[in-house]
Amino acid sequence: MIVRIMGEGQLRLDDSAIDELNHLDAALEAAVERHDQDAFEPALHALLEKARSLGESLPQDAIEPSDLILPREGATIEEVHELLADGGLIPG
Amino acid sequence: MGVMKRVSTIFRAKANKALDKYEDPRETLDYSYTTQLELLQKVRRGVADVATSRKRVELQMNQVQQQQDKLDRQARDALAAGREDLAREALTRKASVQGQLTDLQNQYASLQGEEEKLTAASQRLQAKVDAFRVKKETIKATYTAAEATTRINEVFTGISEEMSDVGLAIQRAEDKTAQMQARAGAIDELMASGALNDALGGTPTDDIQAELDRMGASSSVDNELAKMKAELAGGSAPKQIAGGGQVSDAVPGGTASYPAEQPQSGDGQ
Chain A
1 MIVRIMGEGQ LRLDDSAIDE LNHLDAALEA AVERHDQDAF EPALHALLEK ARSLGESLPQ
61 DAIEPSDLIL PREGATIEEV HELLADGGLI PG
Chain B
1 MGVMKRVSTI FRAKANKALD KYEDPRETLD YSYTTQLELL QKVRRGVADV ATSRKRVELQ
61 MNQVQQQQDK LDRQARDALA AGREDLAREA LTRKASVQGQ LTDLQNQYAS LQGEEEKLTA
121 ASQRLQAKVD AFRVKKETIK ATYTAAEATT RINEVFTGIS EEMSDVGLAI QRAEDKTAQM
181 QARAGAIDEL MASGALNDAL GGTPTDDIQA ELDRMGASSS VDNELAKMKA ELAGGSAPKQ
241 IAGGGQVSDA VPGGTASYPA EQPQSGDGQ
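Those protein sequences? They're chains A and B, same order as listed. Those letters in the first sequence? Residues 1 to 92, by our numbering. Those letters in the second sequence? Residues 1 to 269, by our numbering.
The shape of chain A in the complex, shown without the other chains (with noise of 0.2 Å):
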């Protein structure tokens, strides 16, 4: 499994990581939809840390899709937003 974390690259994950990722994930979302800044941000970084922790980076020169995107470290509730509303991607 590909993941790819904004701004740092992609990393190489085994397939059985999801479900801890997928237990962080749901608090993130549930933190943006509440709109919840407060909880947000520490999810956001234990998701990341996470996802971190249990990959390996993908050499620079790698082109695979990822199958997962998690938000840059630092994003706010409304760049994630707009992730998710498409509003922020220039096209490919």
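Please note that a few of the clues may not be correct.
Unchecked claim - In silico lysine-lysine, DSS-like type, Cα no more than 27 Å apart, as pairs:
{"id": "1", "chain 1": "B", "residue 1": "K176", "chain 2": "B", "residue 2": "K55"}
{"id": "2", "chain 1": "A", "residue 1": "K50", "chain 2": "B", "residue 2": "K5"}
{"id": "3", "chain 1": "B", "residue 1": "K42", "chain 2": "B", "residue 2": "K17"}
{"id": "4", "chain 1": "B", "residue 1": "K94", "chain 2": "B", "residue 2": "K55"}
{"id": "5", "chain 1": "B", "residue 1": "K21", "chain 2": "B", "residue 2": "K140"}
{"id": "6", "chain 1": "A", "residue 1": "K50", "chain 2": "B", "residue 2": "K117"}
Claimed, not checked - Just a sample of chain B residues kept apart from chain A, beta carbon distances all over 12 Å, derived:
{"id": "7", "residue": "R44"}
{"id": "8", "residue": "E84"}
{"id": "9", "residue": "S96"}
{"id": "10", "residue": "Q100"}
{"id": "11", "residue": "T142"}
{"id": "12", "residue": "A178"}
{"id": "13", "residue": "E211"}
{"id": "14", "residue": "A217"}
Since the hints were made in silico from the structure, they are not lab data. Here a beta-carbon is modelled for each residue, glycine too, at the ideal position from N, C-alpha and C.
Use these hints to put chain B onto chain A, whose structure you have.
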């Protein structure tokens, strides 16, 4: 569906839409490569812009630091001259300048972080663009429409995901740079107009320095007066007063020459 999956779905949808624009998938590869090269240029320009902005903040930090050192010196001078009120004023201003400096230091750190991230993004993109060029030529050389679509899809989706990510990073850096430049411009303008110099205790209309100068001047005037009084008391003619304009130049060691000059003075005849 969680945040991670939704974001990746949106990225893929974006790539698929771009793929659908061309009938022959090989055109997609060439078009994408052109866009990649443009993006690479853009990210490099972004790195340069952030660096310029960072250097400007650094320059302002130095200026503000100088102000602070100067206020510190003035406080010491004032205290040495027994003017605690002036020393207090100088230190109060020094504290407000410290606020400015802290703000600039934070800006500097933030720009430095942005520069590092963008530099890393530029290197990642460069590596991927190089790899893409090779893949593109391989795919084109062995092209059969049936199997190419899947491979092209994979590679195109992968690269466009990277491009979206880098594109957002550039945008963020540009926004930040624009903000910083606006603030830096405002500080430059204030400095040029002298308004900030005033507030910070700067050179042109620096009242603390003016008072210290006045104190210095008055003590040297006192010294001169004392010397003159001593000369007069020693029996010299009052004609010396005619040379009052040059007193300050003549004083050091000048006393002995006065009697010799007296005969040349017009008053004596």
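Each hint, compared with the structure:
no., hint, result
1, K176(B) x K55(B), "holds (14 Å)"
2, K50(A) x K5(B), "holds (16 Å)"
3, K42(B) x K17(B), "holds (23 Å)"
4, K94(B) x K55(B), "holds (24 Å)"
5, K21(B) x K140(B), "holds (18 Å)"
6, K50(A) x K117(B), "holds (21 Å)"
7, R44, "holds (16 Å)"
8, E84, "holds (47 Å)"
9, S96, "holds (30 Å)"
10, Q100, "holds (25 Å)"
11, T142, "holds (17 Å)"
12, A178, "holds (17 Å)"
13, E211, "holds (48 Å)"
14, A217, "holds (56 Å)"
Going through the hint list in order, the structure satisfies each hint without exception.
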